Amino acid sequence: MQVNENFEPVIVAFCCNWCSYAGADLSGTNRLNYPTNVKIIRVPCSCRVNPMFILRAFQKGADGVIICGCHPGDCHYTSGNYFTRRRITLLYSMLDFLGIERNRTRLEWVSAAEGAKFAATMQQFTEDVKALGPNRRLEDLRCRKQ
Amino acid sequence: MQRIGVFVCHCGTNIAATVDVKAVAEALGHEAGVVIAQDYQYMCSESGQELVKSAIREQKLTGVVICSCSPRMHENTFRKAAASAGLNPYLVEVANIREQCSWIHKDIATATEKAIILGKAAVAKVALNTPLTSMESPVVKRALVIGGGIAGIQTALDIAEAGFDVDIVEKNPTIGGKMAQIDKTFPTLDCAACILTPKMVEASQNERITIHSFSEVEDVKGFVGNFTVKIKKKARFVDETKCTGCGLCTEKCPMKKVPNEFNMGLDNRSAIYIPFAQAVPKVATIDPNYCMMLKTGKCGVCSKVCSAGAIDYKQQDTIIEQQYGAIVVATGFNPIKLDKYDEFAYNQCPDVVTSLELERLMNAAGPNGGTLLRPSDKTHPHTIVFVQCVGSRCDDEKGKPYCSKICCMYTAKHAMLIREKYPDTEVYVFYIDVRTPGKNFDEFYRRAVEQYNVHYIKGMVGKVTPKSDGKIDVQASDLLANEQLHINADMVVLAAAIEPDKTARPLATMLTTQMDTNDFFTEAHPKLRPVESATAGIFLSGACQGPKDIPETVAQGSAAAAKAIGLLCKNSITCNPCTAHSDELMCNGCSSCEKVCPYGAITYIDKEFRMPDRTTKIRRVASVNPAVCQGCGACTVACPSGAMDLSGFSNSQIMAEVDAICK
Amino acid sequence: MNKNLKEQVLRSSGVNVLKCMRCGKCSATCPSYDEMEYHPHQFVYMVEKGDIGTLMKSESIYKCLTCFACVERCPRGVEPAKVVEAVRLAAVRQQGGNRLEPTDIPALLDEDLPQQAIVTAMRKYAK
Chain R
1 MQVNENFEPV IVAFCCNWCS YAGADLSGTN RLNYPTNVKI IRVPCSCRVN PMFILRAFQK
61 GADGVIICGC HPGDCHYTSG NYFTRRRITL LYSMLDFLGI ERNRTRLEWV SAAEGAKFAA
121 TMQQFTEDVK ALGPNRRLED LRCRKQ
Chain V
1 MQRIGVFVCH CGTNIAATVD VKAVAEALGH EAGVVIAQDY QYMCSESGQE LVKSAIREQK
61 LTGVVICSCS PRMHENTFRK AAASAGLNPY LVEVANIREQ CSWIHKDIAT ATEKAIILGK
121 AAVAKVALNT PLTSMESPVV KRALVIGGGI AGIQTALDIA EAGFDVDIVE KNPTIGGKMA
181 QIDKTFPTLD CAACILTPKM VEASQNERIT IHSFSEVEDV KGFVGNFTVK IKKKARFVDE
241 TKCTGCGLCT EKCPMKKVPN EFNMGLDNRS AIYIPFAQAV PKVATIDPNY CMMLKTGKCG
301 VCSKVCSAGA IDYKQQDTII EQQYGAIVVA TGFNPIKLDK YDEFAYNQCP DVVTSLELER
361 LMNAAGPNGG TLLRPSDKTH PHTIVFVQCV GSRCDDEKGK PYCSKICCMY TAKHAMLIRE
421 KYPDTEVYVF YIDVRTPGKN FDEFYRRAVE QYNVHYIKGM VGKVTPKSDG KIDVQASDLL
481 ANEQLHINAD MVVLAAAIEP DKTARPLATM LTTQMDTNDF FTEAHPKLRP VESATAGIFL
541 SGACQGPKDI PETVAQGSAA AAKAIGLLCK NSITCNPCTA HSDELMCNGC SSCEKVCPYG
601 AITYIDKEFR MPDRTTKIRR VASVNPAVCQ GCGACTVACP SGAMDLSGFS NSQIMAEVDA
661 ICK
Chain D
1 MNKNLKEQVL RSSGVNVLKC MRCGKCSATC PSYDEMEYHP HQFVYMVEKG DIGTLMKSES
61 IYKCLTCFAC VERCPRGVEP AKVVEAVRLA AVRQQGGNRL EPTDIPALLD EDLPQQAIVT
121 AMRKYAK
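Protein chains in written order, with the working numbering: chain R, 1 to 146; chain V, 1 to 663; chain D, 1 to 127.
For reference, chain R alone in the conformation it holds in the complex (with noise of 0.2 Å):
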């Protein structure tokens, strides 16, 4: 594929309220850059994240995907974190059938006090995705015009 290096990919981030959304908060007030390609959503938890989120923003043009949650044990629902992490783990194999790369979408656990991740993984998923080049659509055959 041609690297286009005026590339810039939409990414899309949700973020739980108690740990990840607190944490890029926290990179904010310490003035910590990461590339505007990201978007936040806040949601109240990771479990929240329903994979068909995550398919829906593949099929309106986004290149990358990323969740963030509070780390395992640290959820203040107590076990959502767990179940997002099984769901994504389910999500990347369907996501393979669906011929779209697995590095698009990453699951990570920032910690409501770890500013300075959510910053440096910011940074390296929009590299990554950059590198990944643009997501092809995902298309709704019934939406499709004869």
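Hints are computed from structural coordinates only; laboratory data are not their basis. Each hint should be verified, as a subset may be incorrect.
Claimed, not checked - Derived list of chain D stretches under chain V, where covered just means 3 residues or more per stretch with a C-beta under 8 Å from a C-beta of chain V:
| # | segment |
| --- | --- |
| 1 | 9-22 |
| 2 | 26-38 |
| 3 | 75-89 |
Note that the coordinates shown come from a computational prediction; the quantities given were computed from them, not determined experimentally. Ideal placement from N, C-alpha and C gives every residue a C-beta, glycine not left out.
Given chain R, put chains V and D in place with the hints provided.
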């Protein structure tokens, strides 16, 4: 038709320096449904809020988007402002263009572009917001304290003091717990019974406190403010209301060879017994494992001597069902079993005892009437070796990985008491570290060394060998002298690690509270919420949460009481309205959601539905209790039919945000 | 301090010396304590410091009976006997050819030699 207002904050220069706020307002003004888009210096200020309020009134807004700092900062501020202007507070959304945009980006063009996209996502979401109302759930003004040790007693007394009814459930025939077995307390050396028994009496006489002794919690249902608890009152074969506690039955009972658990099995009691003289309630209990009448039907001596006619051999277990607003767990601790530590010869030699056994041996109400004698031959011990950290700080399956916290101090206490009462006794303490953080604690330990000449040796005992002459050979290392010692001892005292009571784990399951790998209850926050469990309405008191000494236990008991009182004071509690709800027409009753709910908020009800052909059909559908649901959303993803959705973060709302960002 | 030597000892013993909490129970339980210049707890500590050359020169590495009492009793699961064995192995490797043939043993036996020592002699010298 949506009428959305967008308000972009400059935050001084915090946002305005890197984001062209006017451009943001301009761009968002063209979004569908947006009727007004303004920017202002400080949105959170009084006049900024007034701007929002007047726009809501004048423009008859149906939704508000504030582009400003993190919603974690000012979401509540703007919700309150909206509510005061007559707009449902949950129709306000905040786009985070400070922490997640202006502060992290330097290039104005790209930062502005990102801010516009974040604003668009918020507009797309708010268009789908629905007005939400916080539910009110009533609070039953009664508390349950599980465990009647010093933690439970303190908690119950404090709650009763505040004017609420409290029930104490204690599994033993008397309240008092471990503290009742202790002789003296560190670092003041005052008598434990002298300070505990008045509190026990106070608890029994307080008209707001009901003590269910010899009882256990069978089942817990419900949620914060409204728990339904089943308590099993075990049959004690004595009518509590009639028994006067005279103790005649215990004297006359012919079955006297029952190991006395109150004295750690160091002496015997009768089959009908009162654990100790100051027991509360002072009521006899028959031990069905030893009573001849209950086992063979022949005896009945206690029934004959009881002038009150309190003996009832036909008594059955009874179940009490009661409603509570708050539950305090105070299940306490036990010393671990030392069966697996062969090297210390605990099972082979009666003169190797645990510290709690020594406590009874030295107690005036103990088996020897307060004279310290060797259990084997009732002679005075002249050399006593204390071994610290037996089972504590262990990395293997035999022991516990944590420090039991209290052993250093009670060993110093024992050593000091022995040296004071029997100055001819040599006392050796083998320690790894002496841990004495606490008020007057290190001074106390130093007094044991300097004033009482207790031999503290840095090292560990490797092997304890009982000898044929009745002495005990203690082989140990002295790390500072770099030598191996052999001490010819008369007694060895093992500072056994402490562990949570065995009843704690099944209880945690009933209460849906969390435990750590060591079976200690987990607090809601290790620093800031140390006496609450993560489950609303369940509080933690004493050593069930972690090893603690008496003052800490009492402090935590009172803290837990304060938290429980705070809850009981309310007539009703406001619940977070962002909870899950199920679309009954789509729900197929599969139970997937119930399995993932960490709070047990989902139950199933049989509901009648009208079918298209005018017949009715009864179907099983999920029903979420909004008072229990905390709004994590695990169920919404687990639901295979898409019936479950989360208010405030609904599927369509999040999808709309995704669409807006990816556009 | 020889870093490679330390790594070799740690690798061949499979022991994490950092788990030691310095209680000295290994030395308290050691039947061969008085025979040893360096005691089990010192082996663990000196390996942690990387001072392995000193241990390799000491007679102590041959005095260990490999009875595993210290391994059995260690509350932290450090396994000091394996550390001693690893140091011994390092010494043997360095010297080379320091082998005891089973046929040599009968001549070396005497009445006071405990059974344990014969068994461990095989382990020690026949590596």
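Verification of the supplied hints:
1. Coverage of the segment 9-22 of chain D by chain V holds. Counting CB-CB distances below 8 Å, 3 residues qualify, and the rule asks for three or more.
2. As drawn, the segment 26-38 of chain D meets chain V at 7 residues by the rule of a beta-carbon pair under 8 Å; at three or more, the given contact holds.
3. With 3 residues having a beta carbon nearer than 8 Å to a beta carbon of chain V, the segment 75-89 of chain D meets the requirement of three or more and the stated coverage holds.
Consistency note: the structure conflicts with none of the earlier hints.
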